[in-house]
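K.L.:
One letter stands for each residue in the lines below.
Protein chains: 4
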Amino acid sequence: MRWEGIFKGTDARLQIKRNLYLRRMPGNSFGTYFRITTFGESHGPAIGVVIDGCPPGISLTEALIDEALARRRPGQSRITTQRKEPDTCEFLSGVMEGKSTGTPLAILIRNSDQRSKDYDHLADTYRPSHADFTYQEKYGIRDHRGGGRSSARETAARVAAGAVAMAVLKTEGIHVQAYVSAVGDIVLDASYQDLDLSRTDENIIRCPDQETAERMISLVNAVRKEGDTIGGVITCVASGVPSGLGEPVFDKLHADLGKAMLSINAAKGFEIGSGFHGAGMRGSTHNDIFENRDGKIVTRTNHSGGIQGGISNGMDIYFRTAFKPVATILRPQETVNSAGQKVSVEGKGRHDPCVLPRAVPIVEAMTAMVLADHLLLQRINRK
Amino acid sequence: MRWEGIFKGTDARLQIKRNLYLRRMPGNSFGTYFRITTFGESHGPAIGVVIDGCPPGISLTEALIDEALARRRPGQSRITTQRKEPDTCEFLSGVMEGKSTGTPLAILIRNSDQRSKDYDHLADTYRPSHADFTYQEKYGIRDHRGGGRSSARETAARVAAGAVAMAVLKTEGIHVQAYVSAVGDIVLDASYQDLDLSRTDENIIRCPDQETAERMISLVNAVRKEGDTIGGVITCVASGVPSGLGEPVFDKLHADLGKAMLSINAAKGFEIGSGFHGAGMRGSTHNDIFENRDGKIVTRTNHSGGIQGGISNGMDIYFRTAFKPVATILRPQETVNSAGQKVSVEGKGRHDPCVLPRAVPIVEAMTAMVLADHLLLQRINRK
Amino acid sequence: MRWEGIFKGTDARLQIKRNLYLRRMPGNSFGTYFRITTFGESHGPAIGVVIDGCPPGISLTEALIDEALARRRPGQSRITTQRKEPDTCEFLSGVMEGKSTGTPLAILIRNSDQRSKDYDHLADTYRPSHADFTYQEKYGIRDHRGGGRSSARETAARVAAGAVAMAVLKTEGIHVQAYVSAVGDIVLDASYQDLDLSRTDENIIRCPDQETAERMISLVNAVRKEGDTIGGVITCVASGVPSGLGEPVFDKLHADLGKAMLSINAAKGFEIGSGFHGAGMRGSTHNDIFENRDGKIVTRTNHSGGIQGGISNGMDIYFRTAFKPVATILRPQETVNSAGQKVSVEGKGRHDPCVLPRAVPIVEAMTAMVLADHLLLQRINRK
Amino acid sequence: MRWEGIFKGTDARLQIKRNLYLRRMPGNSFGTYFRITTFGESHGPAIGVVIDGCPPGISLTEALIDEALARRRPGQSRITTQRKEPDTCEFLSGVMEGKSTGTPLAILIRNSDQRSKDYDHLADTYRPSHADFTYQEKYGIRDHRGGGRSSARETAARVAAGAVAMAVLKTEGIHVQAYVSAVGDIVLDASYQDLDLSRTDENIIRCPDQETAERMISLVNAVRKEGDTIGGVITCVASGVPSGLGEPVFDKLHADLGKAMLSINAAKGFEIGSGFHGAGMRGSTHNDIFENRDGKIVTRTNHSGGIQGGISNGMDIYFRTAFKPVATILRPQETVNSAGQKVSVEGKGRHDPCVLPRAVPIVEAMTAMVLADHLLLQRINRK
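Protein chains in written order, with this note's numbering: chain A, 1 to 383; chain B, 1 to 383; chain C, 1 to 383; chain D, 1 to 383.
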């Protein structure tokens with residue numbers, strides 16, 4: 001048995017172990033037509049994803065997925081966690097001679113480098129703003145060795161599936177690009193249209209403006225040295241999206257994008273187009289005037305963020321997602337243990353001082369999956 | 001034929017009529033365990049909703065639903081549209097002697113007062129920031145007589161279903177309350193905890209601070225006189241929610257709340273707890289310290305907004321939803337028609353200068369349905 | 001309150017009433033892309049159905065639905081129950097000027113002629129082979145006034161939705177036709193190909209062979225006079241189905257047809273093509289040899305029943321559904337009451353001696369919905 | 001690339017290869033609450049299954065799954081195909097220290113022994129009663145190297161998931177047992193109650209009556225020597241099922257069982273309880289009289305097969321599934337190729353003369369999954 005010996009100690013602990021997880025944990029699927037199901041714990045043998053409904057004929061290689069995974073990987077720079085997860089994937093099914101076949105596409109990512117010991121001192125403690133307490137409340141016990149399914153490691157499976165969705169979108173000329181637009185109080189004060197998004201990956205914070213990027217990196221470094229963490233905002237732009245995607249009632253395109261973003265660990269807010277700023281505006285200035293530009297109907301401004309009435313209008317789709325600071329800080333904090341006693345907790349091990357740069361590929365992946373899903377839905381709606 | 005004669009005119013118009021709606025329009029269901037399906041067009045005979053999965057034994061009367069509908073109803077005050085929709089509902093099934101039976105609960109709301117003529121001049125014009133253009137792109141034609149399924153009238157069915165969900169929540173001691181916290185640049189600068197939310201309905205803007213409410217009402221009146229519209233923000237608080245609701249991966253409780261809010265017409269942003277503000281904070285100040293308060297584990301602050309790791313922690317859940325200004329303004333605006341020609345359009349008829357007060361019950365209804373859904377899901381997860 | 005006064009009597013009865021239905025009763029939807037949700041109790045104000053996903057542009061009138069309902073209606077002949085349900089429907093949404101619009105199509109059928117008194121003597125008795133006992137076990141109480149959702153009346157909503165599905169199929173040249181092929185031990189000994197199915201409705205038992213029909217009718221009459229009931233078999237043929245419908249793994253076309261048939265009240269068996277008879281055959285005689293008939297590839301025999309590997313092959317689809325005899329007989333039977341005491345029960349009121357003729361349109365309706373669902377699914381699968 | 005070189009030959013063949021699978025192939029999930037998604041092609045690297053919604057605390061080992069797989073495995077006896085698939089599984093997630101954790105449970109089964117050459121001569125030929133033609137019609141091409149997803153190999157993933165479902169049922173005292181009750185015209189003429197089902201696996205045909213088993217085995221051997229195949233019937237009994245499982249409208253327990261059975265390769269018919277035989281009976285003899293047996297309400301007979309009104313009544317559930325003879329015979333048969341030309345085809349390689357003994361564990365697995373699904377659903381329905 002692989003995990004044997006992880007739990008050791010008192011009878012009380014064994015008792016907890018025996019009752020491990022008293023509830024089912026369903027809800028591991030996302031999407032309807034491009035439907036993914038992820039599986040795997042951070043400290044089990046592997047994680048992975050099955051995509052049901054992938055269109056056939058899409059060019060796909062394991063190298064393409066690995067490349068996407070590398071952008072999410074821990075240890076990729078000095079401002080991310082130094083944990084090593086040299087993720088490489090294996091296609092188990094659904095791809096033949098470099099093309100998707102249309103059958104379920106299963107991708108396997110083996111785990112490695114699981115230092116459970118780093119977490120051992122936390123077994124009975126509720127770390128502030130972690131899922132420890134809510135897991136205990138919901139499941140009767142939490143998996144303190146890295147979070148189990150609440151671990152950010154689960155997002156690697158999303159990134160793998162997102163790379164497939166991205167390949168689907170590419171065949172339709174759709175391009176998705178995210179970048180860090182704020183870290184703490186350093187806000188990139190420019191529209192995405194004035195930025196060269198192709199330069200996003202030229203720095204380790206993934207901000208396309210190099211000067212702002214430097215300031216952000218300095219801030220993250222300073223925060224890291226203090227054992228602290230910091231939040232920020234990621235902006236995402238989808239261009240080339242055809243008009244007509246999205247359903248007019250509940251499954252509005254931006255509602256599905258919002259759910260996708262808010263399902264990412266640490267996300268606390270989502271706004272599309274003018275967002276919260278638009279709430280302060282008047283209709284006469286907020287309305288996007290239609291124009292005929294060389295035979296194509298476009299809008300002069302794009303406060304709508306490319307979606308009107310829940311349906312894409314052919315303009316760029318752009319939105320922002322807010323991420324809170326990582327909860328694990330390398331400083332002592334007050335808290336209580338499972339017995340309700342006051343204790344102090346201090347993060348150990350290898351943690352991200354700022355989740356933003358590694359969250360960029362996750363934002364892109366979730367965006368790509370929502371768009372792929374609506375693209376397929378749109379096909380069935382044809383009379 | 002009920003709707004006969006609505007379309008009259010040129011052959012081109014008849015041609016459009018013949019091809020009316022070239023696509024299916026699925027996606028009229030929301031929720032999984034407390035699952036609603038809404039139906040009806042604003043200018044058809046009726047709208048309504050079927051709830052599949054309502055728990056039995058819930059006290060319900062048509063009067064209770066009508067009361068909820070009255071808060072959403074047009075014409076309820078001088079700052080809303082003067083359209084009259086004296087909505088009263090009829091239970092078609094699922095309720096017997098004042099109690100839900102557990103069977104599908106169907107609620108019917110007949111339409112009335114449909115002044116299609118008010119919209120006739122718009123048949124070929126793309127109103128700025130309306131769904132006209134995207135409907136035309138998606139469906140080949142739009143229903144210009146009030147928006148069809150994109151009409152805000154669809155939300156009456158949501159409010160009816162929400163009133164049922166609210167009755168379910170009441171049996172578990174859960175209370176949902178929303179209020180207007182910003183109109184344009186007038187922002188209610190107070191935490192929900194410092195407000196007496198029971199006084200929200202004492203004024204027509206639905207802001208619990210009477211002084212701020214007066215200023216908001218004045219602003220809406222001024223905007224209305226200019227033929228303009230204005231956006232704002234609604235804050236919603238759910239108290240009494242037990243810990244443990246929400247799934248840890250995709251179906252995080254706040255992700256489902258976010259989708260629910262963003263599916264409401266005119267919503268452009270959503271944030272929970274510290275939201276976008278939290279993105280600027282450090283972990284050491286953002287983390288919610290756990291405390292033992294008389295045997296109950298609570299958090300000292302509540303930046304998490306009552307949800308950690310996607311799961312409720314027993315603290316109040318609160319979030320904010322941004323609404324853009326209503327797109328229909330009673331002023332001339334540039335735009336193009338379906339032939340791509342430059343034209344001017346000017347709103348006529350009876351429209352809301354500010355959607356906020358009528359959106360309050362819709363926010364509450366959607367919140368109640370998400371919570372009812374997760375309550376039921378939680379039951380099945382028990383071992 | 002509409003249903004007031006139905007329950008009267010002892011305190012024990014009131015107690016039961018108060019706990020009426022202790023469980024939810026979800027699962028009122030059928031289909032995925034052509035998705036129906038039915039609602040309504042036999043003794044409530046109305047029943048109905050919402051179709052989500054109906055293709056637009058389908059010619060539909062209320063008269064068309066009423067015509068379909070008339071074939072299922074009680075009281076249509078001397079060999080069916082003499083209960084009167086003069087069902088006429090009302091389109092609440094989704095149809096405009098005689099065409100479906102693609103939006104949710106809601107159909108309302110008001111109830112009438114509910115003689116609850118006919119059932120009053122049964123309140124505490126478990127009628128043999130009825131759902132009384134299982135309802136009591138599952139829900140804590142049963143609706144003894146006609147069965148509630150287990151009532152055959154629910155199938156009227158299916159027939160209404162089926163008429164819409166049939167109209168969809170008609171646009172693709174698909175034709176569905178069912179007929180009674182056995183009543184008791186009178187079995188119509190002929191292949192569907194040797195029958196003139198257009199003559200099915202020429203007699204009240206709905207058997208296309210008039211001579212056999214006469215014998216069946218005589219048998220039903222004899223059985224009726226004895227206060228007894230009798231079962232039988234319905235054969236259904238779908239012609240014009242294009243090749244390619246059905247999914248190869250779980251959602252095989254005949255698996256979905258099987259579930260659809262078995263969901264009809266009193267159905268106990270389903271077989272497609274050679275069915276149980278084929279289980280006794282050898283591969284060399286059972287295999288359907290492919291032939292090129294004037295450029296079209298067909299099979300010489302059709303033991304497969306038009307479906308191979310779960311996917312339609314362009315040949316006629318045909319299958320048989322077995323119906324048990326109606327459980328209500330007008331004779332005394334032993335049973336127990338809810339206290340477990342031995343009692344005698346005797347059917348009163350107006351019941352069908354043989355459900356077969358009225359089940360024919362239900363079989364057709366369920367078949368049409370499965371085919372419409374797979375037609376729509378097939379569209380999305382296109383690359 | 002693993003599969004490289006499999007396709008070789010003419011340009012026409014390469015052209016086909018390039019267009020391989022022109023359609024998506026969704027629908028690889030089964031169940032709602034105990035939900036499985038299977039993946040993998042017979043000639044790819046692996047097959048497997050992800051179970052979403054498995055209850056926690058269930059005792060599970062890889063050995064338990066392997067034991068179940070061994071009963072389905074080819075080459076297990078002289079009357080099954082001699083293909084070798086020494087299936088052993090690996091838990092990728094969801095199990096810790098021998099217990100399910102409630103998280104997604106992923107099971108991997110590596111492929112081996114893929115003799116694609118055995119199929120090479122079939123590339124352009126439509127084998128009679130195979131899925132070749134329907135795949136070509138639906139997907140534009142078929143995977144002739146063993147059937148791809150239509151391969152019976154997919155059922156190994158079902159058996160693995162079924163073993164997990166079986167372990168869930170065991171904790172509730174539910175026992176599922178299937179056996180071969182007919183092969184060709186040899187029909188086991190005994191009720192399941194008069195058989196010792198524990199002796200089913202004592203012979204290679206899996207018939208609990210040893211004398212009948214010998215005759216069945218002789219028949220299969222004779223058929224095999226003639227290069228022919230033969231069909232049969234499997235009876236399945238579920239005992240210990242609590243009353244109350246099943247939904248009264250569409251998701252009747254026997255309707256879901258029927259779909260499950262009919263989704264198994266080669267299944268052509270399903271009947272529960274009295275089934276087709278019951279269609280010839282009268283109500284007065286078919287009705288199951290309720291009795292009070294030592295305080296427990298039972299039925300004297302069980303024509304209902306343990307399900308009344310779609311809901312289990314606590315009696316044994318039993319049903320029969322008809323399987324057609326395997327389509328691949330080792331004799332020349334007429335057919336056409338993809339160009340519509342008359343050709344002869346003759347099965348080569350290693351095939352089953354009779355699928356029945358290996359289908360027994362598949363029937364049990366699908367039954368267990370339906371029951372596990374309804375058990376979980378039942379929990380959420382509680383008020």
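I should point out that these hints are in silico values taken from the structure, not numbers from a laboratory. From a predicted model like this one, the values you see are computed outputs, not experimental measurements. Treat the hints with care, since some could be wrong.
[Claimed, not checked] Listed below are the simulated BS3-like cross-link pairs for lysine-lysine, each with C-alpha atoms no more than 25 Å apart in a straight line: (1) D:Lys348 / D:Lys170; (2) D:Lys296 / C:Lys342; (3) D:Lys225 / D:Lys99; (4) C:Lys84 / C:Lys225; (5) B:Lys170 / B:Lys296; (6) A:Lys296 / B:Lys342; (7) D:Lys99 / D:Lys170; (8) D:Lys225 / C:Lys296; (9) C:Lys170 / C:Lys342; (10) D:Lys84 / D:Lys225; (11) D:Lys296 / D:Lys84; (12) A:Lys342 / B:Lys342.
K.L.:
To test your reading of the hints: which numbers does this structure violate?
P.N.:
Checked against the structure, the hints that fail are numbers 1, 3, 8, 9, 11, 12, while the rest are satisfied.
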